[in-house]
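Enquirer: Okay, here's what each chain looks like letter by letter:
2 protein chains.
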Amino acid sequence: MLTTLNHYGETFLKMKLDLRRLDKPIYVTSPLLPDIKDFISQIAKIYNSRWLTNMGENHNNFEIKLQHTLKVEHTSVFNNGTIALLVALKALNLPPNSEVITTPFTFAATAHCIVWNNLKPVFCDIEPQTMCIDADKIEALINHKTSAILGVHVYGFPCNVKKIEEIAKKYTLKVIYDAAHAFSSEIDNIGIGNFGDISMFSFHATKLFNSIEGGCLTYADENLTAKIYNLRNFGIQNEELVEDIGINGKMNEFQAVFGLLNLDLFEKEKIARSKVKNIYLEEISKTKGIKIPKAADNVTHSLQYFPIIIENHYKLSRNELYNEFKKFNIFTRKYFYPICSDYICYKNLPSSNKENLPIANELKNRVLCLPFYGSLEPNTIKMITKIINYFSA
Amino acid sequence: MLTTLNHYGETFLKMKLDLRRLDKPIYVTSPLLPDIKDFISQIAKIYNSRWLTNMGENHNNFEIKLQHTLKVEHTSVFNNGTIALLVALKALNLPPNSEVITTPFTFAATAHCIVWNNLKPVFCDIEPQTMCIDADKIEALINHKTSAILGVHVYGFPCNVKKIEEIAKKYTLKVIYDAAHAFSSEIDNIGIGNFGDISMFSFHATKLFNSIEGGCLTYADENLTAKIYNLRNFGIQNEELVEDIGINGKMNEFQAVFGLLNLDLFEKEKIARSKVKNIYLEEISKTKGIKIPKAADNVTHSLQYFPIIIENHYKLSRNELYNEFKKFNIFTRKYFYPICSDYICYKNLPSSNKENLPIANELKNRVLCLPFYGSLEPNTIKMITKIINYFSA
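These protein sequences, in sequence, are chains A and B. Mapping of the first sequence onto our numbering: position 302 corresponds to residue 302, and the numbering continues sequentially without gaps. Mapping of the second sequence onto our numbering: position 78 corresponds to residue 78, and the numbering continues sequentially without gaps.
It cannot be assumed that every hint is accurate.
What the hints assert, rightly or not - Selected chain A positions facing chain B (in silico; Cβ < 10 Å):
#, residue
1, Ile36
2, Ala44
3, Asn79
4, Gly81
5, Asn117
6, Ile247
7, Pro338
Simulated from the structure, these hints should not be mistaken for laboratory data. Glycine is no exception: its CB is placed at the ideal position from the N, C-alpha and C atoms.
The whole structure should be built from the sequences, with the hints applied where relevant.
Expert: If you want it as structure tokens, here you go:
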């Protein structure tokens, strides 16, 4: 097939499909923006207060409102999700050099935050369905140095939180969830941020819900509130006392108002994304060689990403399909490729061995995230599905 | 004296000085804000581009403009100065667990960034004049584990960069400067960011120049450019290669435009601060028991802070004077008190021993930063100096 394409070149495909290259590039996502008038009127208030950062009024209101939206006990907002995760691990006082079992099928920040905390990542393989850490493979990796499990609700699909909780109890391990993709995901109507000891959400511009950059931690244990508050602000307890080795994780007032305003809009964005999803499903759910991961029935999905799996019998490899899209000015994303166990800084870890991670290593070459956001035009979606269907097995 | 005050209470002082408590609190600083119309018009452009973060156009322009302002070879901007310093230390590849000689007379971030990098802070005493690390005391702390010197240009006064450079050459050590206070400080018209291997500037709202939160690194070695760029963005080299254990240090577009606009204003703010400084000097430079640290003749000062030293023969202790100001709704700052070697997380280090740090331990109880910003009213300044002079030795 590829030979045919190379032979005829781009023109062949474009003529055959009656499609032309888009003038403007289409990316995987497009950020949700509050009405500019609303944003400006909030900025005027910040100017009047002259309080630009350091736990200001908007920052505090944002935390309260998030608590309701995410249906959690406590929230602490941060300048970005990475610093939030860094502080989450620090707040749990894990023994130095102890091991944290995690997934390689995630963004770089997950594993990096473990190492910045002077802890060792141990990679566990993933489930083929949800692409989250495979809870059935965790126990084999536990030893006397293990201190925690760091799961990732990848694309917004929840980990097997029940099984992970059982294991954590059995071995007295802490559980942290990287919920960067899972804003508003729920299991049986319970906010995803209620599972584990601490969860981290990202509010980066590429996320369903964003505060330009930003993130938060959610947790149930009231004792963590002061600990996290202080660690986020250099470990300062009060003007005259510094206890911990903290960092600057403060969210400023401009990001906080941006987030506050977007909190009123993200549900509408989710409805719009549902429509996009439905068109995708209509057009490609029966396409041979394409598998579409689905959330379990008791799961409310965040609709963060729309990943598809390119199966072996599809006419193009994932990389070939990615390149076809590029010719039309459409930028899908090989997300996650590479996986963390491929990184130069991690590939020599014992757990990075490919035999330990067969599913992750298989799926990293098969998964492709399609453009997915509320304002994506039906015509563009259909163009995308037409290209996919053309190479159907 | 204190007994007299306690006896007569607040009323006595207020009557005696004919001063009344201010309705609005006066803090040590007030943030520089760009014209709101200019800011809004830049926000509209960001909305149109839909590029909110990740090395956007404003981010890149900000780096170029900063390069000129700071008269340096290279700049990399960050979401805040702490993350910038964290990355600076990481970028220099210092051996794990090696020792970094630094000053305890600084903000928490300086020492914390050393520890986050899995390095050990070794505290060196300070000079009584500049309150910067005492270069003459550094050599005694060097051993085979020493890898770097981290000086702080405290309040905007430069360290003894010449002597530090000599020591670094002699022992093959890296030199990093925490220039958080020293935006626009110069030595013999050379931008302060040109000394050492890397310098870090903070653009926090409390600084002379601010981008809400923010910071940058400056350096001469072209080889550091890609290293720092990647570390700031999770260690990602390109879409398919992750080499280093990086972090999220990205500055977003909103902060970048705020910074860009403030770059046009900070010189004017400095002129206004000079006037404030001159009133202070007129009123209190001859006050007995008050010492005002001065920059050397070849130094251009950043005018970041206006610290005074409360000498032994002044009628109040520093803490008592601080409390007197509070009664008038004026919030001076005991900056730096506590010093890093007092923190719970550092007090047990061998170098935290008070005998090792006599000057720092003396000055932490004597220094007081007065309110200092361009829009501080002459009447308020005179109220402050009147209170100071009342307790003259």
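Enquirer: Any hints from earlier that this structure breaks? Give me their numbers in increasing order, please.
Expert: Violated hints: none at all, because every hint is consistent with the structure.
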